[in-house]
Every structure is written in C-alpha cells, then in structure tokens.
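Starting from the given sequences, assemble the full structure and let the hints guide the process.
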Amino acid sequence: MHQARERAILQTACDLLGSKSFDCMTMDDVAGGVGIAKASLYKHFGSKEDLCCAAMVKVLHLVNAHVAGLDPSLAAVDKLRAVVRWSLERLLEGEMPLLPSHNSTLRAVLMSNKDYADGVVLLSDTLGEWIVQAQTEGVLDPQLPPLVVLYTLYARACDTVVGFLQESGLYKNDEIMDLVLRTCFDGLRAR
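Each residue of the sequence shown is one higher than the last, beginning at 1 in the UniProt record's numbering.
Keep in mind that the hints were calculated from the coordinates and are not lab data. Treat the hints with care, as some may be off.
Claimed, not checked - Subject to a maximum C-alpha distance of 30 Å in a straight line, what follows is the list of computed DSSO-like cross-link-like pairs (lysine-lysine): (1) K58 - K20; (2) K38 - K48; (3) K20 - K38; (4) K79 - K48; (5) K172 - K48; (6) K58 - K172; (7) K114 - K79; (8) K114 - K43; (9) K79 - K172; (10) K114 - K48; (11) K172 - K20; (12) K43 - K58; (13) K79 - K58; (14) K38 - K114; (15) K172 - K114; (16) K48 - K58; (17) K48 - K20; (18) K58 - K38.
Unchecked claim - Pairwise CB distance ranges (calculated): (19) H2 - G69: 21 to 31 Å; (20) H61 - S19: 16 to 26 Å; (21) E6 - E93: 15 to 25 Å; (22) A4 - V139: 39 to 49 Å; (23) E93 - G32: 17 to 27 Å; (24) L147 - G32: 32 to 42 Å; (25) V139 - D50: 34 to 44 Å; (26) Y42 - N173: 29 to 39 Å; (27) E6 - G69: 19 to 29 Å; (28) M111 - A8: 22 to 32 Å; (29) L179 - G35: 36 to 46 Å; (30) G35 - E93: 39 to 49 Å.
Since the model is a prediction, treat every value here as computed from it, not as a measurement. A virtual CB, placed ideally from N, CA and C, is assigned to each residue, including glycine.
Below you can see the structure in the form of structure tokens.
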C-alpha cells in the first residue's frame, strides 16, 4: 500500500511538473491529485523539492531504460532520433517534467542528488558517443560542438513549439513529433 501510494504521488508530481512548473506546483496540488491528505504526503516526502527531485529521477531512469533498450544495430542518428521521439511523446502526454529555472531551489537539490547526477552523466555520455559517431559518419554537422548538439536534443524535451502545435489542433501528436524531429535533425533549409 505504501509503495502504491508513493508511485501515485510520483506520477501525480510528474504530471503536474509537466503541466505546471516547479515554482507553480504546490504540495496541495499533489495531495489533491492523489486524493490524500497533505500530512500523508509529507510522510513520503519531506518537502516539495524532495518530491520533485524523486519525480525527476524517475523520469531519468525511464529515459535511461529506453536508451538501454534500443536496438544496438541501429545507426547512431537513429538512436538519437528514437530518444528525442520518446521525450516528445512524454511531452505531448504531459508526462515530461518542465526543467527547473536556473534560480530554482529544485535545481540545487537535483545537482546534489547522486541518483540524478549519475543518471544525467550516464545519459549524456551515451548520447555524446552517438553524437560523435553520427558526426564521424557525416550524418550530423561535424562543425557543431557535440555539447551544442547534446543540449539541442535535451531542449526538445521542453520545446514550447510542441505545446503550440498541440494547442492549435492542426496536427495529430504523431505529426507533431515528425515535424519537430524533422526540424531538429534536418533543419529548416529547403532540400
């Protein structure tokens, strides 16, 4: 029961972090979303920062599991596309926590959390290897620093274009993902 409630709390926190930002989300929002008393929520997580950190770690574990499950025979650029597609799917479903602002108290908690830091390093190292490989193969621009490419790919997980396109009602979610992937990997130039 305790673990089931904790999973529900984390899922609700992820959902709220996907629709609101950390700064706008409250513990009352989470308790109400789960259907428990706020006091019960604090039995699981001592602060909003601790809860949101656990939610961010959960998402990081999910993306790292997705990365580990990709077919190793895929080309590096196809693996990168698959990771970006996964994050866009989460974003469109409201399951991708919005990244905290630079001055957020959550950012400090995240940076001091070993699970989060280790997960970010693992993900960054893996994506970094694929980026360099794709650049070596001439599929990605070798003139771009790999770090710039990495951050560009990370930015798709909180891309406001996705929300604007979804709200317009002009495109289905699959079309939005394809359009964002196309602009991300192929650019805006006419071919």
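Requested in this report: Any hints from earlier that this structure breaks? Give me their numbers in increasing order, please.
Outcome: Violated hints (numbers, rising): 4, 5, 15, 30; every other hint is consistent with the structure.
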